[in-house]
Structure formats: structure tokens, C-alpha cells
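S.K.: These protein sequence lines map, in sequence, to chains U and H.
Here the first sequence stands for residues 56 to 168, numbered as in my numbering.
Here the second sequence stands for residues 377 to 489, numbered as in my numbering.
Chain H is nowhere near these chain U residues, computed Cβ spacing over 12 angstroms in every case:
hint : residue
1    : Ile67
2    : Gly71
3    : Leu74
4    : Thr75
5    : Thr79
6    : Pro136
7    : Asn167
The following label-pair restraints were derived from C-beta to C-beta distances:
hint : chain 1 : residue 1 : chain 2 : residue 2 : range
8    : H       : Lys433    : U       : Tyr85     : 17 to 25 angstroms
9    : U       : Lys115    : H       : Lys433    : 35 to 43 angstroms
10   : U       : Ser62     : H       : Gln430    : 31 to 39 angstroms
11   : U       : His113    : H       : Arg439    : 34 to 42 angstroms
12   : H       : Arg404    : U       : Ser112    : 21 to 29 angstroms
13   : U       : Glu96     : H       : Lys389    : 18 to 26 angstroms
14   : U       : Lys115    : H       : Asn453    : 39 to 47 angstroms
15   : U       : Ala133    : H       : Gly434    : 36 to 44 angstroms
16   : H       : Met429    : U       : Tyr85     : 18 to 26 angstroms
17   : H       : Met429    : U       : Lys106    : 25 to 33 angstroms
18   : U       : Thr75     : H       : Met429    : 36 to 44 angstroms
19   : U       : Gly95     : H       : Lys389    : 13 to 21 angstroms
Calculated from the structure, these hints are not laboratory results.
Cβ atoms here follow ideal geometry from the backbone N, Cα and C, with glycine treated the same way.
Given next are the chains, with one letter for each unit.
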Amino acid sequence: SQELEQSPQSLIVQEGKNLTINCTSSKTLYGLYWYKQKYGEGLIFLMMLQKGGEEKSHEKITAKLDEKKQQSSLHITASQPSHAGIYLCGADIGIQGAQKLVFGQGTRLTINP
Amino acid sequence: AAGVIQSPRHLIKEKRETATLKCYPIPRHDTVYWYQQGPGQDPQFLISFYEKMQSDKGSIPDRFSAQQFSDYHSELNMSSLELGDSALYFCASSLVAGSNEQFFGPGTRLTVL
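If we strip away everything but chain H, and leave its shape as in the complex, we get (with noise of 0.2 angstroms):
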């Protein structure tokens, strides 16, 4: 069965530069999650989209921001790095009108040198 997508898998950035991550949801699934787990730590809920809209907003900050686009895929961009965004970004997706139950995405590593 398809599950959802992240790439790039593994990142490397200096400080201050750019990122983008993508996340391909579960077909047919209408809605995106976005979670950050530092070393050691759970993972940290930062943003959800259901149909394109915000649906939702955590502990995201102001330098990153989100959207999900009409296939439903979404794009996370981190500006102005700093070292503390090193760590394992998670996406996940769910069918509001189904069960709800969140599939999580393989993550994309973010190092940030």
C-alpha cells in the first residue's frame, strides 16, 4: 500500500541558508501534518493542513512556514537556519472523514552545520 512520501531523506545546510522539505501524502488522504523531533526528544507538532487551508499551528516558528498545494502535497520552508533546527522532520497524513489515523512519513534528517 502507498504510504507517505518525504524527500529529500537526508539534508545538509550551513547556518543561514534555506531548506525545503516535501511531504506526499496517502493518496486520496485530505490532510498534512508537520512535526519536528529534535535528538532524544518526542516529536513536536508544527503545522497541519486540511484542504489546502491551515488547519492548525504549534510551535512553528516564525522563520519557517507551510502550505499544501491542490495535489495535496505540501512544502515546509525553513529560512535563515540556525543550528537548533537540526533534527527529524516528520509528515504525516490522515482522512478526516475516515478513521483519522495519522500515517507518518520515513522523515527527512535536517542538518544544519
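Pulled out of the complex, with its shape left as it was, chain U reads as follows (with noise of 0.2 angstroms):
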């Protein structure tokens, strides 16, 4: 099973319009990270957030942390054409220390003009 569940898996948004992406572990999470792929290309780190309540932006896109520290959620506001792409979260799921991440199974984002 996925340890980590991204919704939706698949979105497809108007040009300018905002939009929300969610990850959700079953455990708490030391670290969460936001990346964005490109169909087939590498990883482009956006964000990571560690602690509960943490919130970062970065451009248009911000990233939130729960107080709980099991969930994130990644905002786009007014999308661009340039904001398609595939959206993966990953997780620290370890105590502390450099960590393996296990990853969402990504969200693919469309944005129509």
C-alpha cells in the first residue's frame, strides 16, 4: 500500500484559476518535500517543510504543513502554463538524520489556456 496518497491524481485546470494539491501520510512526517517533474525528466525541488504549521511560498506556489504533521497541501495560485507538470511529495519518515523518501504517486497537472 502507498504511504504516502496524493489527490487528486489528476487535474486539469483553466488558465489562471488556483488550485490545491494534497498528500496525506499515515504517519507523522519529519520532512515533506514538494517536487516537480516534467514528463520523464528529473526531479525539480520546490519546497520542503518540517515543522507543524510550517507554510512556505515560493512565486505563486505556496506549501503548508499541518499541525499534525501528516498532511501537506501545495497551492497554485492563478496557474500558469509553465505550472504543468507532475506534482510528487515525498516524505521523511524516519526519526532524524539523512533519510530515505518515499513519494506520493504524483498528480498530473494540465493547465488549459
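Grab the two chains, each in its own frame, and use the hints to assemble them into the complex.
M.R.: Rendered as C-alpha cells:
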């Protein structure tokens, strides 16, 4: 079973609209990463969240980690064609130190002009 | 800024051949991670190294081995290749004493014929 569940798995929005992608874990998250991937290409680091309640923004993308540290959301404001791609959440569910990441299944985002 | 470098970017092999993938982490990063991403799948952790020692092991087949060298670059050696080994192989690096953010390389696309 998937340790990290992302929703929705696929999302089609009109350019200029806002959207939210969710990432839920059954375990406490010690570090939650958001990456963007173009099909067949590398993972582009977006943000990392570690503290419950933490919120980070970069340009039009905002990510939050909930207080209980088991869910994160990625919000894109006024979406643009350049936002299209696959968004992956990755989680460090270890205790401390250098840890492997487990990933959600990804959310494929399409932006219609 | 320098990123994670992987080589080769593309590799085509026949069944039962061997392959070596290389990863050059971001300068001063001390930890390297290897992930495998099959078609339509999320990345799966294979193995990691911290300060040239194996730090964690995931779903890496016995046919694969890896090491980290004194200059911190890492190599993933794959023998007796099978069709199912066709995938994108990502290397990521991080600095344990820092924010521990994992930055990914562009990946090596391995195709086994």
C-alpha cells in the first residue's frame, strides 16, 4: 500500500485559476518535500517543510504542513502553463538524520489556455 | 548554482549486460541517495551513502551494488540486466548537517532490450 497518498491523481484547470494538491500520510512526517517533474525528466525541488503549521511560498506556489504533521497541501495561485507537470510529494518518515524519501504517486497537472 | 550531475543521461543495454551509472553530488554534500522510477511509477528508494558508508538500503536487487568514493561521487553498478530494470534512475544529494534538503539530478534513463 502507498505510504503517501496524493489527491487528486490528475487535475485539469483553466489558466489563471487556483488549485490545491494534497498529500496525506498515515505516519508522522519529519520532513515533507514537494517536487515537480516534467514527463521523463528530473525532479525539481520546490519546497521542504519540517515543522507543524509551517508554510512556505515561492512565487505563486504555497505549501503548508498541518499541525499534526500528517498532511501537506500545495496551492498554486493564478495558474500558468509553466505550472503544468507532475507534482510529487516526498516524505522523510524517519526519526532524524539522513533519510530516504518515500513518494506519493504524483498529481498530473494540466493547464488549459 | 551547481546541481547534481548524473551520467550518462541515456543508456541502452541488452539483457544480461552490465551497466554503471554515475552521480556527482552538489559540492560539499555528504550524502547520496539512489532512486529508481519505473514508467508511470513514483520513485523508489534503492540505497544511500553518508560519508562513503552505506547508510540505508531499500528495494535494491542483489544484482545491483553501489558505492561512494572519496570525492563523494557515487556509482550504481547493475549486472545481469533484466527488461524490468528499464527505468529512470535518479541520484539525489543532501548535506546532513544542513537543512537536509534532497536535491535530485536529471536522472539516467536506462533501457534494457
